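Each chain sits in its own coordinate frame; assemble them with the hints.
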Amino acid sequence: MPDFILHTLSLREFGFDYGEGPSHRYNQFMTIEQLSDFLKNRAPYAAYASVALYEQPSMRKGWLKSELVFDVDAKDLPIKICGCSGGAVCEKCLDEARQIASMFAETLRSDLDLRNINFVYSGRGFHIRVNDDAVMTMEQTERTQVVEYVTGSIVPTDMTMALGYSQVFRDRIARIFDRLDEQKLMEIKGMKKALAQQLVKEKDKVMAMMRRGKLQDLHDFSGMGEKTFGQLVDHLMKLNSMLTDGKVTIDTKRILRLPSSLHSGVSMKCVLVRDIEHFSIESAIPKFIREEK
Amino acid sequence: MIAPGYMAILDPFAPEAQNIVRSAPLLDSMPQEIVERAISRVKWKSPKEMMVDANPSAIQSEILSFYLMCQGTAAVSYPYSREVRLVTDATKETIKYRMYELFKRGYEDLCLDVVGRSFKFVQLEHDGGVKLKDIEIPREDYFKLRDKRLAEDGIDIVDDRALPQYVPKYAVRWTDLALLMRYRRVDLTKLYVVHGWVVITPRELWEIFANFIGVKTEEYIASLYERFSESGVPSKLLDSVGQKISALIPPEAELRERFLRVPIGRLRPEFFPPCVKKALGGVGTGVRNYAIAVLLTSFLSYARVSPSGKVATRMADFIGDISIVREEIAPLILEAAEHCNPPLFKDQPQEKANVYYHLGFGMTLEPRLEDSGKSKWYRTPNCSKIQISAPPLCEPDEFCRSRNIKNPLTYYYKRLAEQARPHTGD
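Those protein sequences? They're chains V and C, same order as listed. Residues 0 to 292 (numbering that gives the first Met the number 0) make up the first sequence, in order. Residues 0 to 425 (numbering that gives the first Met the number 0) make up the second sequence, in order.
Pulled out of the complex, with its shape left as it was, chain C reads as follows (with noise of 0.2 Å):
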């Protein structure tokens, strides 16, 4: 017998986790062999890393492992980045390898309770055919389906104790997958739906609650940003944490993501937000300061700089040569400046200086390399500080509103991202 506080291993966003995270430590006397799992969970292979012991202080490390984990990233890493990825992924994967091996040690119940607190879902009965309630499953789809999963797996031949996970049994409702259909790792027309219902065999089951897990992380972290943006600068344990995390993505990965996501030295205005494209155009006094020497100059430095969506405090931990600022990412401030009615630097030439300060020279109007760092390179600001700071630049589009877009660059990643991504799930 498990005890139900294991389900939190299964759901880390559980009521049973929740409790957990409630009554951790403070940050700062959190244990190390806490912090340095949160790390080297992204990296877990074995069984013997991924598995939990059902004793409670096993449990609370791993939750708040976790959450530390999840809380580093968001401090070094704007959302749908690289190490955002590689710790949804790290996630999913263990969180199936989980579900298959408690179901295979036979706690089929446990990982079902766990997965009908997000999916209403019904069993397949036999009686004579395969019926889903009243409807009866054709004898050959059922084969087909089984087949199918088989060959997707690559497997020929099972023994008795896989071929349960490859069986159909399960239904869940097609309308509980929106969120994964929105990030598109399912795809409806892959399915197969009859009344609604999906018909899957156990090992999708364990594959979509999964994924599912991994969406919810992305979306956690990804408001986790959103608040380290508006509550400053995150501890240094996190920063740290994060950091290590960022470390372990393997080089060529790196390299791979660069070329997949943006080629080197070129922005991708067609993904800029509204509000960027509206400040590219120019606009009328109350805002231009607002636009030009805050929203652009921190949003274009960023997006050009650290296109794989990395925070740091300096820009030249990111670059080698100082024309990248001089040619390509002041010439588009200066122009927007100069389509600013009236011009802001024929008024306000005191603003171009600032605009090198936002990007972190200090105060100067010749930045040089060696003075990345004088000053704070700003983030770019979110949503609601510019419907505060400067409303006629915020005119969300579909794409803001149906993504819930909070920040400006956000909206430019996941542009990004969703454009790179394969468009089918994993």
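Same shape as in the complex, but just chain V (with noise of 0.2 Å):
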């Protein structure tokens, strides 16, 4: 268990699923010992704790402050490269959200100077965990707004900066541009297939435009009239808030599965990850699974 959540064990709300979900909750555990016992006497489909701290994690109440989470979950993701569909996870789709949860932390690190961030695998893709205390006792707004940030959600007031949020945004949606083809495109409302098929054809062009904060001069492409401009816009917007389930991150009170317990749904360890840009799916397989093979 990362230490992060040992050092921090008595303060934290553990949820239980017996096989309606994550129902049993209000359970405090003063030492690991007693977590070890309860589990071992229990056994739960699967463990859950707090992302708060409470000074009586029992009640849930005398709340101390909460880890910044970010969720980016593999089946969620708004395009999934790989083809497969809403709810299955590939490996692709794995990697997929493995780049952007890395892509999120690099923001949270040079941007806004957070330094104590921890990833977990959660089975179906990562949490980010993030304890500076600066950020931990923030409330849900504030979330929200470092949500915005991070994911790109939100049109900068000048495009053209060099860094800053005008950078960011200009990153996220060169990305998320870069993952659309023509389908895609045309489900953009208002969008004519002879320009998604333009659009497509010119990606590295218009990526280089977006990226240079030049975006007007996606005028210049035929039949991009301004309502269109502003309908991809929106849209690529829009797929960006979804890289990450916001409500998890502005959710105080949320409970986040425990690294090292099994997600039984999936029969794979939510474990720590220490170098996320060398995650492999192998440290998450458990051992009787292993056996098996």
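Calculated directly from the structure, the hints in this document are not laboratory data. Here the structure is a predicted model, which is why all the values come from computation and not from measurement. Where hints are given, some of them may not hold.
Said to hold, decoys possible - Rough simulated footprint, nothing fancy, chain V against chain C, three-plus residues with beta-carbon under 8 Å:
(1) 133-140
(2) 169-180
(3) 192-206
Said to hold, decoys possible - With the C-beta cut set under 7 Å, the calculated list includes, among others, these residues of chain V facing chain C:
(4) D110
(5) E138
(6) E141
(7) Y148
(8) I153
(9) M160
(10) A161
(11) S263
What the hints assert, rightly or not - Think about it this way: if two alpha-carbon atoms lie no more than 30 Å apart in a straight line, the pair counts; the simulated DSS-like pairs of lysine-lysine are:
(12) C:K189 to V:K213
(13) C:K276 to V:K246
(14) V:K64 to C:K384
(15) C:K277 to V:K246
(16) C:K143 to V:K64
(17) C:K276 to V:K60
(18) V:K213 to C:K147
(19) V:K226 to V:K237
(20) V:K252 to C:K413
(21) C:K189 to V:K202
(22) V:K64 to C:K119
(23) C:K189 to V:K246
(24) C:K189 to V:K188
(25) C:K143 to V:K237
Glycine included, each C-beta is placed from N, C-alpha and C at the ideal position.
And the structure:
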């Protein structure tokens, strides 16, 4: 179990799943031994711990602070380049989720100067769990603003600044645009087939425009009127906002799957990821599955 | 050289100001000049009114009048009401003006000393390029930030005295702006953030600080309101100051506000707090009487009749037609009572008269407008009282917790205000 949970164990609320979801809540453990005994004796399907620290976790009272969390779920990615249907997860989906988690963490580090950033493989994706004190006392509205910043889901006041949110936004929309094919572009209201084809054909050029903050140059494409342009940008921002489940970030009383526990639905371990760039799914395969192989 | 005590006029919550408050005269013997200043300060416009001489007597008068203004407002208004907004906006403008003025007069260090108590900040360095600690700020960005600020103020040409206020000069930690983000006074995506530092001009620094004091004033008045609700009727002086401040709200602003926040005659149940929603659905024995006769009666009447948040002793001060009580408020209460298990008025019919008693019409089943004021129009109980008197009603949701809600009406007004408030800052 990661230190950031171990060291605050008695301040967290624990929840367990006995077959009906994590509905058995309001549990508190003073020591790791107590938790261990409980798990051995009661053998729940799954274990969860709160992102919040409380004075009285067993009553969910006396909120002290909460981790800042981003949930990047591979099954819920807005664009699946692998062709997986919604809800399914393949290696490519998982790697895409890993890249997104890594990208978010880079913004949290370089722009927002957050240092205590942990990654957890949840069994279906990744949790970014930030434990810097300066953000842990933040409330919903502040957390909403952090999500908007990190995902690039608001148009910046100046698109051309070299640093700051302007740069984050440009990178994010260029990246998500890169993942759209003609068919997906056609889902945008008012998008004509010819324009969609042209945009895909000149994808590198379009992405370069976005990265340089020259979005207005997109008007040079035939058929790109003001309305279609607006719809395109809105669509890209919406897709960006779906890269993570914002509800998880702003919910300061959320319980998350406990690292080191088993995801019973997929038979994978929920594990702390020490190096997100070189994460291997192998590290999350439980012993009993390995032995079966 | 300005005395250190002068800091209090820039930050009325600073220790220097607290010291002045501690040695303040009793309310009964408050000098008339301070009382008048407490009222007039919400409409200050000229520099002469806003600036304060650097002598102890002037500083004392300034601080005491600030606190009297806040307490008077809390005595007659709910948190987040238009009175509170008038007071906080005026405070913000005053602090901002003082910052600008002192900066221009060469007292930058004094301003920075005050700001430094609330925000960690650094000055940008000009060493060949522009540097923020070890980070090079691109020159293009530097000038764009300046031009953006000038454009926001609609300025094309600036003189040498004004220009320094528009040039990026400082950086504050973004995490120090959390309170302002919470109240949507700043938006993170509109800030220029580099390695955790927000690069800003002096003008922005003063604005951020003035906004910060404005928000703290808002929170202070909210806390006073809770305190007054616990301790009963506030003093006559506070009531009088509050009423006079309330009367200063321009009628057109009042009208606009009412349209903006609650269409007349319409309650917004979607913004009701969880305890009220629960009470409306009916509750069991043990908490029925409290839920219906105390909580719902006071909450629905204030929310419907005084949507702007103003407190009064008589409902007739707000309405000219008793049908609002009979046809709009009472049916909701009666319906909730019917939903109780067992229905409240079936086995306790006398409680129906108690409802009108709590609405201020005395013990009656047929309320008339002229009876308004016969009994006390009960204020909505604080959350702490509900927790003690009817614990099952109190199941705080995220909004209760995140906004540190202490009264159900505060919840309602705050949600209305947040819905009406523009997404971005001012």
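The hints, checked one at a time:
no. : hint             : in the structure
1   : 133-140          : holds (count 4)
2   : 169-180          : holds (count 5)
3   : 192-206          : holds (count 5)
4   : D110             : 5 Å, holds
5   : E138             : 4 Å, holds
6   : E141             : 4 Å, holds
7   : Y148             : 5 Å, holds
8   : I153             : 4 Å, holds
9   : M160             : 5 Å, holds
10  : A161             : 4 Å, holds
11  : S263             : 28 Å, violated
12  : C:K189 to V:K213 : 19 Å, holds
13  : C:K276 to V:K246 : 23 Å, holds
14  : V:K64 to C:K384  : 26 Å, holds
15  : C:K277 to V:K246 : 24 Å, holds
16  : C:K143 to V:K64  : 37 Å, violated
17  : C:K276 to V:K60  : 22 Å, holds
18  : V:K213 to C:K147 : 18 Å, holds
19  : V:K226 to V:K237 : 16 Å, holds
20  : V:K252 to C:K413 : 21 Å, holds
21  : C:K189 to V:K202 : 28 Å, holds
22  : V:K64 to C:K119  : 21 Å, holds
23  : C:K189 to V:K246 : 22 Å, holds
24  : C:K189 to V:K188 : 28 Å, holds
25  : C:K143 to V:K237 : 28 Å, holds
Violated hints, listed in ascending order, are 11, 16; each of the other numbered hints is respected by the structure.
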